[in-house]
Amino acid sequence: MPSATLETAARELNQQIGLTSDGSQFLTFNLGEELYGVDILRVQEIKGYTTVTKIPNTPSHIKGVLNLRGTIVPIIELRTKFGMPTIEYTAFTVIIVVVVRDKVMGLVVDSVSDVLNIDKNDIQVPPQFGAKVDVSFLNGIGKSGDKLVALLDMDRLLSEDEIQEATVATKAA
Amino acid sequence: MSNDFAQFQAAFFEEAAEHLAVVEEGLLELEQHPEDLDLLNKIFRSAHSIKGTSGMFGFNAVAQFTHKMETLLDLLRNGQKAVSPPIADLLLKSTDCLKTLIESVKTGAPVDDAAVQRLTSELASASAAGAPQPPASELTTAIDPAQSGDLTKTYVITWTPPNWLFQRGLDPLQTMKELRGLGELTKVTLDVSRLPHLTDIDPEQCYLAWELQLRTEKDSKIVEAVFEFVREDSQLSIQQVSAKEADKGVQSQSVSTATPMPTSEMDGPKPIGQILVEGGVVSSSALDHALAQQKRVGEILVEQKAVTPQQLEQALQKQRQQESGAHAKKADTASIRVDTAKIDKLINLVGELVITQSMLSDLGARFEMSQLHVLLERVAQLERNTREIQERVMSIRMLPIGTAFSRFPRLVRDLAAKAGKKIQLVMTGEETELDKTVIESIGDPLTHLIRNSADHGLELPEERLDNNKPEMGTIKLNAFHEGGSICITVEDDGRGLNRDKILAKAIRQGLISENDKLSDEQIWSLIFKPGFSTAEKVTDVSGRGVGMDVVKRNIEGLGGTVSIKTTLGKGATFTLKLPLTLAIIEGMTVRVGRETYIVPLLSILESIQPKEGSVKTVVGKGELINVRGTYLPMARLYEVFALEPEHKLATKAILLILETEGERVAVMVDEILGQQQVVIKSMEQNFRKVEGIAGATILGDGTVGFILDVRGLIEIARQETAMAA
Chain A
114 MPSATLETAA RELNQQIGLT SDGSQFLTFN LGEELYGVDI LRVQEIKGYT
164 TVTKIPNTPS HIKGVLNLRG TIVPIIELRT KFGMPTIEYT AFTVIIVVVV
214 RDKVMGLVVD SVSDVLNIDK NDIQVPPQFG AKVDVSFLNG IGKSGDKLVA
264 LLDMDRLLSE DEIQEATVAT KAA
Chain B
1249 MSNDFAQFQA AFFEEAAEHL AVVEEGLLEL EQHPEDLDLL NKIFRSAHSI
1299 KGTSGMFGFN AVAQFTHKME TLLDLLRNGQ KAVSPPIADL LLKSTDCLKT
1349 LIESVKTGAP VDDAAVQRLT SELASASAAG APQPPASELT TAIDPAQSGD
1399 LTKTYVITWT PPNWLFQRGL DPLQTMKELR GLGELTKVTL DVSRLPHLTD
1449 IDPEQCYLAW ELQLRTEKDS KIVEAVFEFV REDSQLSIQQ VSAKEADKGV
1499 QSQSVSTATP MPTSEMDGPK PIGQILVEGG VVSSSALDHA LAQQKRVGEI
1549 LVEQKAVTPQ QLEQALQKQR QQESGAHAKK ADTASIRVDT AKIDKLINLV
1599 GELVITQSML SDLGARFEMS QLHVLLERVA QLERNTREIQ ERVMSIRMLP
1649 IGTAFSRFPR LVRDLAAKAG KKIQLVMTGE ETELDKTVIE SIGDPLTHLI
1699 RNSADHGLEL PEERLDNNKP EMGTIKLNAF HEGGSICITV EDDGRGLNRD
1749 KILAKAIRQG LISENDKLSD EQIWSLIFKP GFSTAEKVTD VSGRGVGMDV
1799 VKRNIEGLGG TVSIKTTLGK GATFTLKLPL TLAIIEGMTV RVGRETYIVP
1849 LLSILESIQP KEGSVKTVVG KGELINVRGT YLPMARLYEV FALEPEHKLA
1899 TKAILLILET EGERVAVMVD EILGQQQVVI KSMEQNFRKV EGIAGATILG
1949 DGTVGFILDV RGLIEIARQE TAMAA
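Going line by line, the protein sequences match chains A and B.
Heads up, the first sequence is in my numbering, so the first residue is 114 and it goes up one at a time.
Heads up, the second sequence is in my numbering, so the first residue is 1249 and it goes up one at a time.
Since the hints were derived computationally from the structure, they do not count as laboratory data.
Remember, predicted model here, so these are calculated numbers, not experimental data.
A hint or two may mislead.
[Claimed, not checked] Dumping the calculated DMTMM-like pairs for lysine to aspartate or glutamate here, alpha-carbon to alpha-carbon at most 20 Å:
1. K167/A <-> D1957/B
2. K1859/B <-> E1834/B
3. K216/A <-> E1616/B
4. K1929/B <-> D215/A
5. K167/A <-> E1907/B
6. K1900/B <-> E1919/B
7. K1929/B <-> E1939/B
8. K1813/B <-> D1797/B
9. K1937/B <-> E1843/B
10. K1290/B <-> E1277/B
11. K1777/B <-> E1907/B
12. K167/A <-> E1887/B
13. K167/A <-> E1932/B
14. K1753/B <-> E1769/B
15. K160/A <-> E1892/B
16. K167/A <-> E1843/B
17. K167/A <-> D1949/B
18. K167/A <-> E1769/B
19. K167/A <-> E1892/B
20. K260/A <-> D227/A
21. K167/A <-> E1919/B
22. K1937/B <-> D227/A
23. K167/A <-> E1939/B
24. K260/A <-> D223/A
Starting from the given sequences, assemble the full structure and let the hints guide the process.
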């Protein structure tokens, strides 16, 4: 067996048992055919989708708020946020509850996939598409086997939703 | 300072506050019944407790001052002196002073030493004047704590130990610790003048000398005894001085010989540098130089490229936040005293809950469909338990409002004295319970209202007699429950609000125009405008026009309302209506399309179904609704929140007339669902403020419902009409 293949196999094995030394763990999830990842340390919990209460006069990607054991948690529809077409919710539709700057928020995604160890060397800087595609909320592109994982920068992705109140300025303004 | 100690201190402050309240209340009552010996004993006991505990904690300023008060109280108690108004006044002033002293120990706020000194001497002279001995002429000596029968004396000790001190295994630090055991080391100054040049230093020799200032109750012989072992070859002088001299002396000393050693650092391990310097291994300048080269961990990490400067900055910021957070936390560790009966009841209920729960899990383990009715029964029981526990837990936060009232007798007494009026304060309903946070927040507004009544409302005695009123004016403070809220009224039998005066003033200030037709209520509410005051003369109590607007703002901040009833020449009544608790409000659930919203019940005036043609538009857009002759701005909730409603026709829908801060708005909804108590949850915690929404709550089915922000809706309605106009 050639040594290169052996090395890959070893690394994959390591990944599976979580032994990679220099990397971080990511929770990956699907939006359509695409695979995304969030830093596992940001994830508080994963829960099935339940109906939310719509908040009036908010951007469409903010689905509403949810009662999470007594606290009010805003829920963000990632498909809408990324400008992807919405789909019917299925039994796999889940809410990933994340903590961003001490605020708890939920992300609606098509389904969760896996927890992956991605080596530092396997993460490359996000590509530039120019004005056509906004990738400012990507931390990098991770490789895991033959899979490509778009790693999300939570702070950048969710900051505008909470900070920019201008988006909900009254119609009168 | 260890945590335990801090905890004891917290207990001390709490207790001291309670004792102070007893003293103050007692003194006020004593003025009315000067012969009441029981009362005097009660005051004495409380003062004594403060003295005892503060001494125990080493708060000597407090202990000393209380001692002075106690001396006077003791004389009163023994009948050697009679309670006279000046003495009662002096004691009340002293209580205030004691309050500030304790406060300063707690927060480190500076104290007006001169004022304390003045009161101390006043107390001393009051005690001296009436006592058979010592004679009154000893006034000056009585002030001097060094020579009077005061608790503590101050010694200035200069000590130059012999050179061989270390060779005999003696430690000067030990001596100082012993001194500290006797009392308080208020100043420690290190004299390094004998220190030779570094090259000449023999590390086994002691070159240091100290000047110490000790405050203690002990005799100078005992102080001297501390130096017993090091006495030989030492240069030692122990001088008793008055506290003032001591302050001066050491201040000038510390400037000339430098390096005062903070006493608080004498415990625990010293920094290594200090030990080296003290041991004579290095000189202090060499140490300073070394310290200057020392880098912070963060800087080193940045240099090693382990972290970026930005990351470091963030981490530092976090550290600062934590520091300030810890600080803030310390400042307001609030605690609550709860009736043990309430806790016992709660424990019983929790016991019941546990039993119900175990019955349920037992049932669940071997459940058959035939047992459904048993299951339902037990679930119902669980529900009962839960509700009861909720109520009990809420009631723990409930305190009788009397705690907020207790400061007012004193306030009224002082105000009356200042204004030369005769005022009696009648308080009722002190036992009415409401939430602790509400109680804490209504103190200031109530103080404003009472000041206002005493200063503007009530007339001078002559004027009252001229108007066939009793000479003594009355302010009535009353608290009672009304529905889901609590009402507090402040009523006076003074001159009442003068309609014409208020109108004239409002026109002059440009708040209204001369042609405005205003209802009585609208006129009265003018006095809540910032900067509005009709008082002819500004006193130091009130009349500057600050206050009433603050009252209104504070009360509305608590979700309450203020209303006024008044008759010219007969008096005025201010009514505060407040929610029982801030966490739970009484709400009306309404429906618009498929959404449910909650409207705070306190702000609902009425609900109407408008008649055909009662809705008018301005410029075809801004809508107004005619409610019994008055046109109110109208907001369609479905438009404000961009929803799909059931009814777009106003005549089919329901209009809620809402009021806040004296302004009204009609809000159109599809249906009123019912009334329920809701627990307010914060939207800002995880999201942000949403226009028109005050907060969120969890509805019966577990989903989230929004609580409408009436103020915000009025703004929105106004903007829409303004846009249209």
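Evaluated hints:
1. K167/A <-> D1957/B: Between K167/A and D1957/B the Cα gap is close to 17 Å, so the pair holds against 20 Å.
2. K1859/B <-> E1834/B: violated (29 Å)
3. K216/A <-> E1616/B: Distance of about 44 Å is beyond 20 Å: violated.
4. K1929/B <-> D215/A: The given pair, whose Cα atoms are some 17 Å apart, holds under the 20 Å limit.
5. K167/A <-> E1907/B: Given pair K167/A, E1907/B is violated - Cα atoms ~26 Å apart, limit 20 Å.
6. K1900/B <-> E1919/B: Answer holds: K1900/B to E1919/B is near 10 Å, not above 20 Å.
7. K1929/B <-> E1939/B: holds (16 Å)
8. K1813/B <-> D1797/B: holds (17 Å)
9. K1937/B <-> E1843/B: Holds, at roughly 19 Å.
10. K1290/B <-> E1277/B: holds (12 Å)
11. K1777/B <-> E1907/B: Judged against 20 Å, a Cα distance of about 17 Å means the pair holds.
12. K167/A <-> E1887/B: holds (15 Å)
13. K167/A <-> E1932/B: holds (16 Å)
14. K1753/B <-> E1769/B: holds (16 Å)
15. K160/A <-> E1892/B: With a Cα-Cα distance of about 30 Å, the restraint between K160/A and E1892/B is violated, given a limit of 20 Å.
16. K167/A <-> E1843/B: holds (8 Å)
17. K167/A <-> D1949/B: Satisfied, since the Cα-Cα distance of roughly 16 Å is no more than 20 Å.
18. K167/A <-> E1769/B: violated (39 Å)
19. K167/A <-> E1892/B: Answer holds: K167/A to E1892/B is near 13 Å, not above 20 Å.
20. K260/A <-> D227/A: holds (12 Å)
21. K167/A <-> E1919/B: holds (19 Å)
22. K1937/B <-> D227/A: violated (35 Å)
23. K167/A <-> E1939/B: holds (14 Å)
24. K260/A <-> D223/A: holds (17 Å)
Hint check: violations occur at hints 2, 3, 5, 15, 18, 22; the rest are consistent with the structure.
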